[in-house]
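Its first residue numbered 8, the sequence shown is counted upward by one per residue in the working numbering.
If you are wondering where the hints come from, they were derived from the structure by calculation, not from laboratory data. Keep in mind the model is a prediction, meaning the values are calculated, not measured. We put the beta carbon where it would ideally sit given N, CA and C, even for glycine. Don't take every hint at face value.
[Claimed, not checked] Estimated spans, in silico, between C-beta atoms of each pair:
1) 98 x 390: 24 to 30 Å
2) 132 x 81: 32 to 38 Å
3) 490 x 94: 48 to 54 Å
4) 536 x 223: 23 to 29 Å
5) 419 x 39: 51 to 57 Å
6) 98 x 439: 33 to 39 Å
7) 63 x 96: 26 to 32 Å
8) 566 x 162: 46 to 52 Å
9) 468 x 569: 47 to 53 Å
10) 578 x 422: 24 to 30 Å
11) 120 x 538: 29 to 35 Å
12) 190 x 536: 34 to 40 Å
13) 154 x 422: 47 to 53 Å
14) 512 x 368: 20 to 26 Å
[Said to hold, decoys possible] Below, a list of computed lysine-lysine pairs in the BS3-like style, where the Cα atoms sit at most 27 Å apart:
15) 329 x 261
16) 121 x 99
17) 321 x 121
18) 121 x 135
19) 135 x 431
20) 529 x 585
21) 329 x 274
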Amino acid sequence: MAQIPDVGRQEAPKQRRGSSILDDSTQQTYGPTTTEFIIFNNIKYNIPVTSIVDTTILDWHQTQFQYVSRYENRYVDLGNIGTAMYSIYPVKNEIVGASAGYSIYRPYAYDNSKVRYFNTRSPYSRFKIIWGGEGRSLTAASYTRNINERSNIFFDYRGLFIDKQIGSTGRGDRNVQGINYMFGGNYGSKNQRYQLYGNFSRTRHSVDEIGGVDVDDINDIEAYFDDNRQPALNDAENIELRTNYQLYHQYKIKEGLQVYHEYNRFKQQNDFLSVEGNDFFFGGEIQLDTIPIKDRSKIVYRQHEAGVKGDFGKTFYNFYYKLKDIDYDYRWLDGDTVGVETAPLENYIGVNLRFGNDSLSYINAYGEYLLDGNFKLGGTMRNRWIEAEGYTALSQPTFIQQAYRGRYDLWVNNFDDPLTTHVKGSLNLTRGPFNIKPKASYTLLSNYIYFREVDSTEPRSLQPLQASSDISVLTGEVELSVQFLKYLNFNTELVYTTISGGSSDVVRIPDIFANGQIYFGKAIFKGNLPIQIGFDIHWKSAYFANAYDPAIMQFYVQDEFEVPDYPIVDVFLNAQMKRGRFFFKFNNLYEFINGTGYFLVPGYPGQSPILDFGLDWSFYD
Numbered sequence: 008m009a010q011i012p013d014v015g016r017q018e019a020p021k022q023r024r025g026s027s028i029l030d031d032s033t034q035q036t037y038g039p040t041t042t043e044f045i046i047f048n049n050i051k052y053n054i055p056v057t058s059i060v061d062t063t064i065l066d067w068h069q070t071q072f073q074y075v076s077r078y079e080n081r082y083v084d085l086g087n088i089g090t091a092m093y094s095i096y097p098v099k100n101e102i103v104g105a106s107a108g109y110s111i112y113r114p115y116a117y118d119n120s121k122v123r124y125f126n127t128r129s130p131y132s133r134f135k136i137i138w139g140g141e142g143r144s145l146t147a148a149s150y151t152r153n154i155n156e157r158s159n160i161f162f163d164y165r166g167l168f169i170d171k172q173i174g175s176t177g178r179g180d181r182n183v184q185g186i187n188y189m190f191g192g193n194y195g196s197k198n199q200r201y202q203l204y205g206n207f208s209r210t211r212h213s214v215d216e217i218g219g220v221d222v223d224d225i226n227d228i229e230a231y232f233d234d235n236r237q238p239a240l241n242d243a244e245n246i247e248l249r250t251n252y253q254l255y256h257q258y259k260i261k262e263g264l265q266v267y268h269e270y271n272r273f274k275q276q277n278d279f280l281s282v283e284g285n286d287f288f289f290g291g292e293i294q295l296d297t298i299p300i301k302d303r304s305k306i307v308y309r310q311h312e313a314g315v316k317g318d319f320g321k322t323f324y325n326f327y328y329k330l331k332d333i334d335y336d337y338r339w340l341d342g343d344t345v346g347v348e349t350a351p352l353e354n355y356i357g358v359n360l361r362f363g364n365d366s367l368s369y370i371n372a373y374g375e376y377l378l379d380g381n382f383k384l385g386g387t388m389r390n391r392w393i394e395a396e397g398y399t400a401l402s403q404p405t406f407i408q409q410a411y412r413g414r415y416d417l418w419v420n421n422f423d424d425p426l427t428t429h430v431k432g433s434l435n436l437t438r439g440p441f442n443i444k445p446k447a448s449y450t451l452l453s454n455y456i457y458f459r460e461v462d463s464t465e466p467r468s469l470q471p472l473q474a475s476s477d478i479s480v481l482t483g484e485v486e487l488s489v490q491f492l493k494y495l496n497f498n499t500e501l502v503y504t505t506i507s508g509g510s511s512d513v514v515r516i517p518d519i520f521a522n523g524q525i526y527f528g529k530a531i532f533k534g535n536l537p538i539q540i541g542f543d544i545h546w547k548s549a550y551f552a553n554a555y556d557p558a559i560m561q562f563y564v565q566d567e568f569e570v571p572d573y574p575i576v577d578v579f580l581n582a583q584m585k586r587g588r589f590f591f592k593f594n595n596l597y598e599f600i601n602g603t604g605y606f607l608v609p610g611y612p613g614q615s616p617i618l619d620f621g622l623d624w625s626f627y628d
């Protein structure tokens with residue numbers, strides 16, 4: 008179970024109890040303030056923070072369409088929206104037990120911890136349409152309404168449709184097609200002692216893999232941007248299907264004592280299909296049969312969690328037991344024959360504690376123990392001046408790391424459990440128009456597992472490996488925000504990273520990482536049209552970034568292609584209307600000056616200069 012979320016991450020408008028649908032005679036004007044929601048984690052952990060519908064425009068252009076910028080450029084993709092993603096910095100592993108190991112499309116799926124449960128005084132609908140150049144688009148729609156004072160239903164849909172940017176045969180030649188939808192609702196008893204929440208979600212994410220650009224010399228940068236460039240891989244597709252049922256209910260026995268139960272049934276299926284492309288995978292050096300590749304891995308788990316929780320003043324406690332039944336299936340590999348338990352039954356005990364529940368000062372602590380020995384421990388602390396976090400987790404290797412059999416891939420390993428320890432802290436310093444936030448973090452990786460090409464007599468040489476010694480990742484960071492001349496704003500973030508240890512070569516992070524933004528923000532036309540207009544800039548120093556293998560859907564360490572440093576410069580305009588917002592964003596201005604573009608991943612050119620437009624409109628009746 009994930010730790011208690013940070014209290015200070017959201018605005019905390021005054022919480023209203025119950026739900027009051029106004030009758031027709033009421034002269035109340037419906038709008039954002041009459042449409043509240045609370046995210047699931049706040050319900051589960053008794054965090055008294057609700058939010059109203061967001062109508063602001065600050066950085067709206069960054070969070071709606073391009074997922075790399077949504078994650079502040081700390082993730083990379085394959086140069087087109089919806090393609091495989093991974094974090095260039097170590098990330099926290101929330102799962103200490105068995106897991107599939109397929110995470111490249113996770114950013115495009117729903118996050119159950121952040122599901123919104125609404126309390127509306129009128130039906131609320133929201134529609135969002137984004138048109139991007141070269142056949143890139145996103146459509147989204149949501150609807151919610153209270154059916155009585157204590158019950159609400161909702162529906163959400165997101166469709167991502169992205170044409171190929173390389174080797175396209177015309178409009179509608181898809182690189183990515185992602186369909187996401189979720190529906191659910193909640194119910195509360197008359198006295199609010201009993202509360203019930205539930206949802207069902209489904210994601211189908213399909214990517215037509217291109218394998219990058221087909222070039223004779225991988226270091227010939229100009230060849231990747233030739234007008235006649237062609238994809239290196241044809242007739243290959245990755246499909247990820249995710250479904251999840253979630254049911255949560257709680258009952259208040261008395262003040263300071265609640266009992267709850269949560270059930271999740273999760274299924275994730277990953278398919279790799281290829282008719283051609285042997286030359287891509289084997290370099291044309293080995294003659295193989297032409298049997299199509301149809302590789303499949305599927306994980307299904309059913310999870311029950313039951314516990315007690317409650318509040319005493321500003322102190323929150325939670326103790327729980329969790330049972331997780333897992334089934335993992337390979338198309339080609341029988342797990343019983345390779346010593347890998349593909350159907351484990353996991354038992355957990357855990358605790359969550361919180362001291363203080365306001366947005367400026369609190370301490371969170373959590374722990375979870377898998378009865379076979381794996382665990383995670385951690386905590387966060389925040390006050391007006393200081394933020395700090397620390398955690399340590401001993402987790403199991405993923406299924407794909409331990410054993411895999413595809414059409415042309417085979418490995419069986421007996422890796423030790425990876426151990427991750429992480430600490431970070433920051434200071435909040437404000438003086439006049441200046442806000443300075445120095446940060447530092449340290450991550451220790453023990454028994455780290457990674458993918459790399461190795462010397463092998465097998466047709467495919469890409470294998471998972473385990474680092475022979477510890478790896479230390481140390482970062483120093485500073486954020487600076489300045490407002491000057493009343494309407495001008497400047498934000499910057501600079502990160503410096505050093506990696507040490509006997510196996511430091513297997514973790515690839517740029518030495519220097521920088522984000523910058525300068526914008527003009529003001530409400531014009533007598534205050535009726537708030538706007539934000541400015542530039543976004545991102546830059547990383549050159550480094551040997553991880554490459555991508557579509558057949559196993561994993562990023563791997565490589566030493567042949569150094570991703571050059573390159574300033575990515577975008578210009579944007581955000582504007583807010585009475586019940587809606589819109590943005591314009593022109594991507595990658597610097598290519599007009601440089602003549603060639605940039606890379607986030609070896610072999611895959613980044614986004615070419617292109618214009619995006621987005622519109623978001625809400626209805627409250």
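Results for each hint:
At about 26 Å, the CB distance of residue 98 to residue 390 agrees with the hint of 24 to 30 Å. Distance hint check for residue 132 and residue 81: the Cβ-Cβ separation is about 33 Å, which falls inside the suggested range of 32 to 38 Å. Against the hinted window of 48 to 54 Å, the Cβ-Cβ separation of residue 490 and residue 94 comes to about 31 Å, which falls outside the hint. A C-beta distance of roughly 53 Å is found between residue 536 and residue 223, which places it outside the suggested range of 23 to 29 Å.
Separation of residue 419 from residue 39 is about 55 Å and conforms to the stated range, judged on CB atoms against 51 to 57 Å. As the Cβ distance of residue 98 to residue 439 is approximately 36 Å, the hint placing it in 33 to 39 Å holds. Checking the proposed 26 to 32 Å range against residue 63 and residue 96 shows it holds: the Cβ atoms sit about 28 Å from each other. Between residue 566 and residue 162, the C-beta spacing of about 49 Å keeps the proposed range 46 to 52 Å intact.
Between residue 468 and residue 569 the CB atoms are about 21 Å apart, so this pair departs from the stated range of 47 to 53 Å. As the Cβ distance of residue 578 to residue 422 is approximately 47 Å, the hint placing it in 24 to 30 Å is violated. In this structure, residue 120 and residue 538 meet the distance hint of 29 to 35 Å, their C-beta atoms being roughly 34 Å apart. Checking the proposed 34 to 40 Å range against residue 190 and residue 536 shows it holds: the Cβ atoms sit about 35 Å from each other.
Checked against the hint of 47 to 53 Å, the pair residue 154 and residue 422 passes, with Cβ atoms roughly 51 Å apart. Take residue 512 and residue 368: their Cβ atoms lie about 42 Å apart, and the range 20 to 26 Å is violated. This hinted pair checks out: residue 329 and residue 261 have alpha carbons roughly 24 Å apart, not beyond 27 Å. Restraint check for residue 121 and residue 99: the C-alpha separation of about 17 Å stays at or below 27 Å, so the hint holds.
Distance check on the hinted pair: residue 321 and residue 121 sit about 23 Å apart at the alpha-carbon level, within 27 Å; holds. Straight-line distance between C-alpha atoms of residue 121 and residue 135 comes to about 19 Å, which keeps the hinted pair within the 27 Å bound. As the CA atoms of residue 135 and residue 431 are separated by approximately 37 Å, the hinted pair breaks the 27 Å bound. At most 27 Å may separate the alpha-carbon atoms for a hinted pair to count; residue 529 and residue 585 meet this at roughly 15 Å.
Our distance criterion of 27 Å between C-alpha atoms is met by residue 329 and residue 274, whose separation comes to about 18 Å.
Checked against the numbered hints listed earlier, the structure breaks hints 3, 4, 9, 10, 14, 19; every other hint is satisfied.
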